[in-house]
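Peer 1: For reference, the chains in residue letters:
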Amino acid sequence: MSLDTVDARRLREVALVPDEYRVIVEKLRRPPNAVELGMLGVLWSEHCSYKTSKALLRRLPSSGEAVLQGPGENAGAVEIGHGWAAVFKIESHNHPSAIEPYQGAATGVGGIIRDVIAMGARPIALLDSLRFGPLPASRRHFDGVVAGIGGYGNCIGIPTVGGEVYFDECYEQNPIVNAMCVGLVRVDRLMRARAEGTGNSLMLVGADTGKDGIHGASFASVELDESSSERRPAVQVGNPFLEKCLLEACMDLGHTDAVVAVQDLGAAGLTSSVAECAGRVPGAGARIDVSLVPRREKGMTPYDVMLSESQERMLVVVQRGREAEVERIFQTWDLTSAVIGDVTDDGQLTVFDGDEVVARLPIDLLTDGAPLRRLAGISPEPPPALHLDSLPPLVDGGQTLLRLLASPNLCSRRPIFRRYDHMVGDSTVVPPGGDAALLRIKGTRLGLAMTTDCNARYCHLDPNLGAQHAVAEAARNIVATGARPLAVTDCLNLANPDRPEVYWELEETIAGLAAACRALEVPIVSGNVSLYNDSEGRSPIHPTPVVGMIGVIEDYGHRLEAGLQHEGDFVLLVGSSHNDLGGSEYLKVEHGTVAGRPPGLDLAREGAVNRLILAAAKSGLLRSAHDCAEGGMLVALAECCMLGGLGVRCPAMRPEAPLRLDAAFFGETPGRFIVSAPSRAMPDLQNLARRHHVEISLLGMAGGEILEFEGQFRLSLTEMRQAWEGGLLQ
Amino acid sequence: MKFGVVVFPGTWSDRDCGWVVDQVVGAQLQYLWHKDADLKGCDCVILPGGFAYGDYLRTGAIARFAPVMESIGEFADRGGLVWGICNGFQILCEAGLLPGALIRNSSLEFRCEWTHLMVERKDLPFTSACSEREVIRMPISHGEGSYFAEPAVLSRLEQNGQVVFRYCDPGGRVLPSANPNGSLHNIAGIINKRGNVLGMMPHPERCSEPELGGADGVKLFRSVAGNAMKVLVS
Chain E
144 MSLDTVDARR
154 LREVALVPDE
164 YRVIVEKLRR
174 PPNAVELGML
184 GVLWSEHCSY
194 KTSKALLRRL
204 PSSGEAVLQG
214 PGENAGAVEI
224 GHGWAAVFKI
234 ESHNHPSAIE
244 PYQGAATGVG
254 GIIRDVIAMG
264 ARPIALLDSL
274 RFGPLPASRR
284 HFDGVVAGIG
294 GYGNCIGIPT
304 VGGEVYFDEC
314 YEQNPIVNAM
324 CVGLVRVDRL
334 MRARAEGTGN
344 SLMLVGADTG
354 KDGIHGASFA
364 SVELDESSSE
374 RRPAVQVGNP
384 FLEKCLLEAC
394 MDLGHTDAVV
404 AVQDLGAAGL
414 TSSVAECAGR
424 VPGAGARIDV
434 SLVPRREKGM
444 TPYDVMLSES
454 QERMLVVVQR
464 GREAEVERIF
474 QTWDLTSAVI
484 GDVTDDGQLT
494 VFDGDEVVAR
504 LPIDLLTDGA
514 PLRRLAGISP
524 EPPPALHLDS
534 LPPLVDGGQT
544 LLRLLASPNL
554 CSRRPIFRRY
564 DHMVGDSTVV
574 PPGGDAALLR
584 IKGTRLGLAM
594 TTDCNARYCH
604 LDPNLGAQHA
614 VAEAARNIVA
624 TGARPLAVTD
634 CLNLANPDRP
644 EVYWELEETI
654 AGLAAACRAL
664 EVPIVSGNVS
674 LYNDSEGRSP
684 IHPTPVVGMI
694 GVIEDYGHRL
704 EAGLQHEGDF
714 VLLVGSSHND
724 LGGSEYLKVE
734 HGTVAGRPPG
744 LDLAREGAVN
754 RLILAAAKSG
764 LLRSAHDCAE
774 GGMLVALAEC
784 CMLGGLGVRC
794 PAMRPEAPLR
804 LDAAFFGETP
814 GRFIVSAPSR
824 AMPDLQNLAR
834 RHHVEISLLG
844 MAGGEILEFE
854 GQFRLSLTEM
864 RQAWEGGLLQ
Chain X
981 MKFGVVVFPG
991 TWSDRDCGWV
1001 VDQVVGAQLQ
1011 YLWHKDADLK
1021 GCDCVILPGG
1031 FAYGDYLRTG
1041 AIARFAPVME
1051 SIGEFADRGG
1061 LVWGICNGFQ
1071 ILCEAGLLPG
1081 ALIRNSSLEF
1091 RCEWTHLMVE
1101 RKDLPFTSAC
1111 SEREVIRMPI
1121 SHGEGSYFAE
1131 PAVLSRLEQN
1141 GQVVFRYCDP
1151 GGRVLPSANP
1161 NGSLHNIAGI
1171 INKRGNVLGM
1181 MPHPERCSEP
1191 ELGGADGVKL
1201 FRSVAGNAMK
1211 VLVS
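Quick mapping for you: the protein sequence lines, in order, are chains E and X. Here the first sequence stands for residues 144 to 873, where the numbers follow the working numbering. Here the second sequence stands for residues 981 to 1214, where the numbers follow the working numbering.
Looking at chain X on its own, in the form it has when it is part of the complex:
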């Protein structure tokens, strides 16, 4: 199983994602440079957190034009696993690989804190190691993480079951008070219709070892790694 971690100028979660892939999960790691269109045979491509190109215009607005993004689009079309985390989610929305947009937090402030997430789909390659409707704990760290989509898009997402993670309280109740950024429908992460492109604002790579305050994040990495094994075996 080979994970690719994309590095744009201004990306900073690349090293954290790389650390978890390499040191915690023990999978193969390949950094992918933004100027390089070659995905080097990776099975899953991670677009990590950061401020790609400084995000001065609009989050993800410049990154979508990077040479690596064209290859990632084709890779996704072929059914390859693409996983956008934080800034990566923003970039996937800008690139049109996922619907909707991430706008300024309703508090108008950056927020770095722990949240609880309801896992609404466990039949995906990204979540198969989670249990049915499991509540997991994961930190967020963003200024523009409020999920927004047109009403029609939103209802289509809900009808298709494309909402993968929703902010909830520790007991699993999806409440406005558990929503850290004003996301519509408490959405923290969504998947494309085909089920191979995931975007999420919380940071699984920051909670994959107990000494960092929690290890729920590693379940997602292990899900991907385990699924690829299955694919290889079959």
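One chain only, chain E, in its complex shape:
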């Protein structure tokens, strides 16, 4: 069969290339019909098939003692103690959010929640990693996305406890919206979405199926262009109330053993959920009849039904003969459910419309048949070098600090997180605004810390090192609460990998993630890749590998927060500082340039510093801890002051050569924390630091309402807050 029978336009519509079409015809020994072509198109899209990144992703470490479920399921799962498993995953919703910010972000949240529900877990927290172009030009994206996240999360009653926001020109056309959900389930109730048992029924539950979101997955796998706003029908509309009912009903399913598996309907709708569910069981197949699918509108073809991405739907595999039991549970929540087919053992996905077969495709062709793309990467021109000698010396550290505190990338995130319900669930013991959030596990003393991190400017300057920094930074944020880093979910956001420089970035990013996760012993148990964040090749985004990390503290009574706690406490810098101004926020804000290499990163040293902080926290030596990140030591210190409502008096900062004053204040050397401790703890703390081979130096003493470096600058808490709290309100 030649290509002549299918015109190029049809292939473009389903985002397949002629070579892929040839493979399909070869494997099927016949040309696919229109429905089959559409089904293959969505499942072979980059978004669903990972055809460009799959080979590289295998390099990521995904095993570890605590891992109960690695990549390949709806979400990853790790054991956290007392019989509990934490289930978590992060996912992108970049393309829809670019076109329709509110619904794009809202349905991103809804989708990731369903992934966690499918594992049998109750979702307990949400986090969001966001990137926009600079304000005020990108207000529409920013306001819409923030409102959409709040609109969905607040209504469904899951607290939004963390995340991050950065602004850079490269995200003007392509904002980044990554949503992470964390859930809890008893280890022995953890579910897998496997279509086991020939003859078992497939039930579709939740919203009726409409024409919304058709080709959403394909749309997410191409660059945005001028016609992208015409794709608005490919963006789905969310109904958080319906999902709340779906969530509670699925929790009630846990009380019956009639349910074999639960699978979310996300990208590529019914097609992917049925194929994936069957694909996880060797030899399994499925028969479904589209005429049995409850519909929202008239005139839907089998093609529409199979490809619809209507939200708030789940596929439930039910033991044959026990469908009524399950239907009753859904009826309690006023949800429609319908048996639409059953599990077979023929390895085929057969789609009926009544008596007529409208599609019949091998499951493995759908889920695993897309030819992997091996592209060649070429490293681009190195970024401009940074010549420290040409940087003018720091004039007024205090004024520079105020400008940095007011920078949109560093200022207070309160204007955002106060729009999110971050308290529902009665578990949030460390709220947003500090390092990681910490939630208690009711009925135990366990605390679960969570964060998302990525400095994409570093990744732009050096994707490999930048990705390592993202992992190290996330680990420090977890450690700053007193929790031990446990596992990672990642969302790799990049531009168009068909361009050799971008493919190189992808390779380097994955290499960096793998190295850092191995060194810090945090396996990656779930994740997502979002490519083609690039508008017609004109504005590729920086590589943005967002790292979502969770960690555990055995007794949340030992938790730490960033803010200074007591008048008279010693304020200390843990770790040593170097002339790390490359890629820094200081360089961008004060000198208007992005140059140099990101700070060097010694992963063994990161581990040592983290272990010291955890040991000190466990022994009760510390009163607060905050990691030094963008903006360096001085921005971190100012945050400790503002969050705790206390000033710090320090002697003049006179760094020893070759360390420069600007680098001592604003350099971004990793592996550093600002901690505070009562004077009586000092001998033990110093001994502990010596044993861990970590440098620890006294900065000053907490008290009053002034941050002062004697003879260098004095700033009141009020002045600093004015700068810090107003940064997003422009």
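FYI, nobody ran anything at the bench for these hints, they're computed from the structure. No residue lacks a Cβ here, since even glycine has one placed at the ideal position from N, Cα and C.
Heads up, simulated EDC-like pairs for lysine to aspartate or glutamate below, C-alpha to C-alpha not over 16 Å straight-line:
| # | chain 1 | residue 1 | chain 2 | residue 2 |
| --- | --- | --- | --- | --- |
| 1 | E | Lys585 | X | Asp1002 |
| 2 | E | Lys585 | E | Glu697 |
| 3 | E | Lys585 | X | Glu1189 |
| 4 | E | Lys585 | X | Glu1191 |
| 5 | E | Lys585 | E | Asp698 |
Example chain E residues on the side facing chain X (calculated, C-beta under 10 Å, incomplete):
| # | residue |
| --- | --- |
| 6 | Ala290 |
| 7 | Asn382 |
| 8 | Pro383 |
| 9 | Thr475 |
| 10 | Phe560 |
| 11 | Arg562 |
| 12 | Tyr563 |
| 13 | Ser570 |
| 14 | Thr571 |
| 15 | Val572 |
| 16 | Pro574 |
| 17 | Lys585 |
| 18 | Tyr699 |
We have chain E; now place chain X onto it with these hints.
Peer 2: Just chain X, lined up with the frame of chain E:
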């Protein structure tokens, strides 16, 4: 003492209220399903926070028609304790059990943050564990929590002393700057004339243990529990 916690589809503070009643206060807990008119012998019925039925039309507008609401109306008429928190307050206003309405926050944004409240009545079953004109700290979490009533209704509320909680600063001064949502007269919570139906926007169930950032909320739960004890003893 038996607390009933009503569950509508879309309610989410039910589990938090249940947690405080059961685990923190140690009182008896009974969840009440919206379709079920039986109040199961509860002494105090809590209408918790959430988005009942999605609140797509208007907050509380659909929930007032639930079968459980008719029983709650009769229960209130008999002098039973009814306590609406956040969405529960909105529902009580829609159902006519309390006067006025909750409208969109003046910021036009959802707000989740800590507020300070002046407790203006301590002679109620809900506040008897508070001290005279005590300032308590409690979080809010709502998009439509701005209390509104006609001038005549408002002055009647004030004359009768029906305002129970008012947003204030940490020092107890009732200032516009301490008002998080534009509520008239900084009103955060009101009681009916008889003194048995309380509606409030802030969330006492979110601040009943110190590890959650504050424990002032538990005073309200203990007030109710303690009063019921007294009733039983007398």
